[in-house]
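Asker: Protein chains in written order, with the numbering used here: chain A, 1 to 103; chain B, 1 to 317.
Hints are computed from structural coordinates only; laboratory data are not their basis. Since the model is a prediction, treat every value here as computed from it, not as a measurement. Warning: the hint list may mix true and false statements.
[Unchecked claim] In silico lysine to any residue, SDA-like type, Cα no more than 20 Å apart, as pairs:
#, chain 1, residue 1, chain 2, residue 2
1, B, Lys130, B, Gln150
2, B, Lys309, A, Arg64
3, A, Lys46, B, Ile119
4, B, Lys315, A, Ser78
5, B, Lys315, A, Glu33
6, B, Lys2, B, Tyr272
7, B, Lys308, A, Asp68
8, A, Lys46, B, Gln128
9, B, Lys306, A, Arg64
10, A, Lys82, A, Glu33
11, B, Lys231, B, Gln248
12, A, Lys84, B, Arg313
13, A, Lys84, A, Glu35
14, A, Lys2, B, Lys309
15, B, Lys312, A, Arg64
16, A, Lys82, B, Asp125
17, A, Lys23, B, Glu110
18, B, Lys315, A, Met1
19, B, Lys312, A, Leu75
20, A, Lys100, B, Ile119
21, B, Lys315, A, Tyr66
22, B, Lys64, B, Trp37
23, A, Lys82, B, Phe316
24, A, Lys13, B, Phe114
25, A, Lys13, B, Lys306
26, B, Lys312, A, Asp99
27, B, Lys2, B, Trp37
28, A, Lys100, B, Arg298
29, B, Lys315, A, Glu12
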Amino acid sequence: MKEINIYERIGEKDFAENKDIGKRIRIEEIMPELEKNNKVVLNFDKIDRASQSFIHSLISDPIRQYGDNVLDIMLFKSCNDKVKEMIKIVLGYLQDAIDKKDG
Amino acid sequence: MKIHVPNSAFLGNIDPFLKGFDPTDPDSLHITLNPHWTSVHPLVLSMIGALGLTVKPENIHIDKLVARSSHYFVRMGLYKLLNISCGTVIQEHAPEGRFIPLKQVRTSDELAEFITEMIPLLHSDPEQSKTIGYIISELGRNVLEHASSQHGAILCAQFYVKSNTIRIGIADVGLGIKKTINESHDAKTDLEAIHLALWPGITGTTSAPGGTAQNAGAGLFFIKSIANLNKDFFVIYSGNGFYKLLAQKSDKVKLNADPFEDRHSKSDQLPYWQGTLVGIDISLDQTREYSELLDAIRDIYYALRKTKKSHKRPKFI
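Build out the structure end to end from the sequences listed, making use of the hints.
Answerer: Okay, here's the thing in structure tokens:
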């Protein structure tokens, strides 16, 4: 199991918006763990809000590559309501996109 | 190129100002000013700043500064950005609480740093400051990622006490929306490209549903939605195309996926702007709760669904 502290990764800011950092976290930390079928915990403690672009850069590839079953091993920790809502929006359109593709 | 700054140009009445822009002779820039006074939206400043960066400083001519407007252009950092002399010495005051001078942002890290630094400058309520940070983040990242401009994004903002409104302008002289969106779509005109770019889920990086690993085509839709829910103006201008979200009049504002279903004006006949300009107003008196905005946006995505299959829920621990 790997826990990733978003607040620390983005330079101790409470607004997670830098999608380039999101991409780095995804490529260097999230995807290698998921490839090994290991659990990944994204810890949003101290994050007040996250932009749609940031959340998309973190989680779109895992959903695209592994489908929604990845949500059994990719968990979201200590999210406030605003962060939760943004995650739900992004996951919603990503899952719809997968459904469209499948057809 | 020629640009005339009138005594007033805000988003509500910006159309004549934009129509008067003359993009011919791109090696020089002649700026004329209303001789008495000028009061303009930060979009105007960002536009002039972005244009000026494409011209050698010695080929920029600004009417001799007169009246109070001169102080405004100096204090908003126009001369500094363009590396030209204003010919007069003006006492500059600290900008806290009133404005964010023109800033050129060329990298992702510069943008992140700017967002962190600018929030305290506006002295607004923390919730509202964060909404402003959100807008600048999404608009700035759009420029850095899609515009391919060596000059990056030029932005500035100002707080207007009387209307209790923050106005933001961001400009680039990059590829423009049509070229970017047409990497994956087929917009025939600049206005058609703007129309597509404002839809949720349409990005120039792919025609596949859900976007790519880095892009979902949602950023501009989110920004337009913030303006819409707050009953504020939002303007986007690229190539010959121009779209203006008009302030909503009804108490109950409905978000639409199709920007042409919102109360708006548009044109595909404006002088050609090489790149993209975006302007937005945020009235602090009526800024809706951020969570309310997210609820409304989620409803739009839900309405666009073609399937009734339920989503797998994320595990929040």
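Asker: Sort out whether Glu35 (chain A) lies within 20 Å of Lys84 (chain A), counting only the CA atoms.
Answerer: violated (25 Å)
Asker: Is the Cα-Cα distance between Lys315 (chain B) and Met1 (chain A) 20 Å or less?
Answerer: holds (15 Å)
Asker: Quickly compare the C-alpha distance for Lys64 (chain B) and Trp37 (chain B) to 20 Å and report which way the hint goes.
Answerer: holds (13 Å)
Asker: Keeping to a limit of 20 Å between CA atoms, is the pair of Lys312 (chain B) and Asp99 (chain A) held or broken?
Answerer: Satisfied, since the Cα-Cα distance of roughly 12 Å is no more than 20 Å.
Asker: Between Lys315 (chain B) and Ser78 (chain A), does the CA-CA distance stay at or below 20 Å?
Answerer: Between Lys315 (chain B) and Ser78 (chain A) the Cα gap is close to 11 Å, so the pair holds against 20 Å.
Asker: For a C-alpha distance cap of 20 Å, please report whether Lys2 (chain B) and Tyr272 (chain B) respect it.
Answerer: holds (13 Å)
Asker: Would the hint linking Lys312 (chain B) and Leu75 (chain A) be met if the CA-CA limit is 20 Å?
Answerer: Status holds; Cα separation ~13 Å.
Asker: Is the hinted pair Lys231 (chain B) and Gln248 (chain B) satisfied, with a Cα-Cα distance of at most 20 Å?
Answerer: holds (5 Å)
Asker: If you draw a straight line from the CA of Lys82 (chain A) to the CA of Phe316 (chain B), is it 20 Å or shorter?
Answerer: holds (13 Å)
Asker: Taking 20 Å as the top limit, are the C-alpha atoms of Lys315 (chain B) and Glu12 (chain A) close enough?
Answerer: violated (24 Å)
Asker: For the pair supplied as a hint, Lys13 (chain A) and Lys306 (chain B), confirm whether the alpha-carbon distance does not exceed 20 Å.
Answerer: Since the Cα atoms of Lys13 (chain A) and Lys306 (chain B) sit roughly 38 Å apart, the hinted pair is violated (cutoff 20 Å).
Asker: Take a quick look at whether Lys82 (chain A) and Asp125 (chain B) sit within 20 Å of each other, Cα to Cα.
Answerer: holds (17 Å)
Of the numbered hints listed earlier, those contradicted by the structure are 1, 10, 13, 14, 20, 25, 29.
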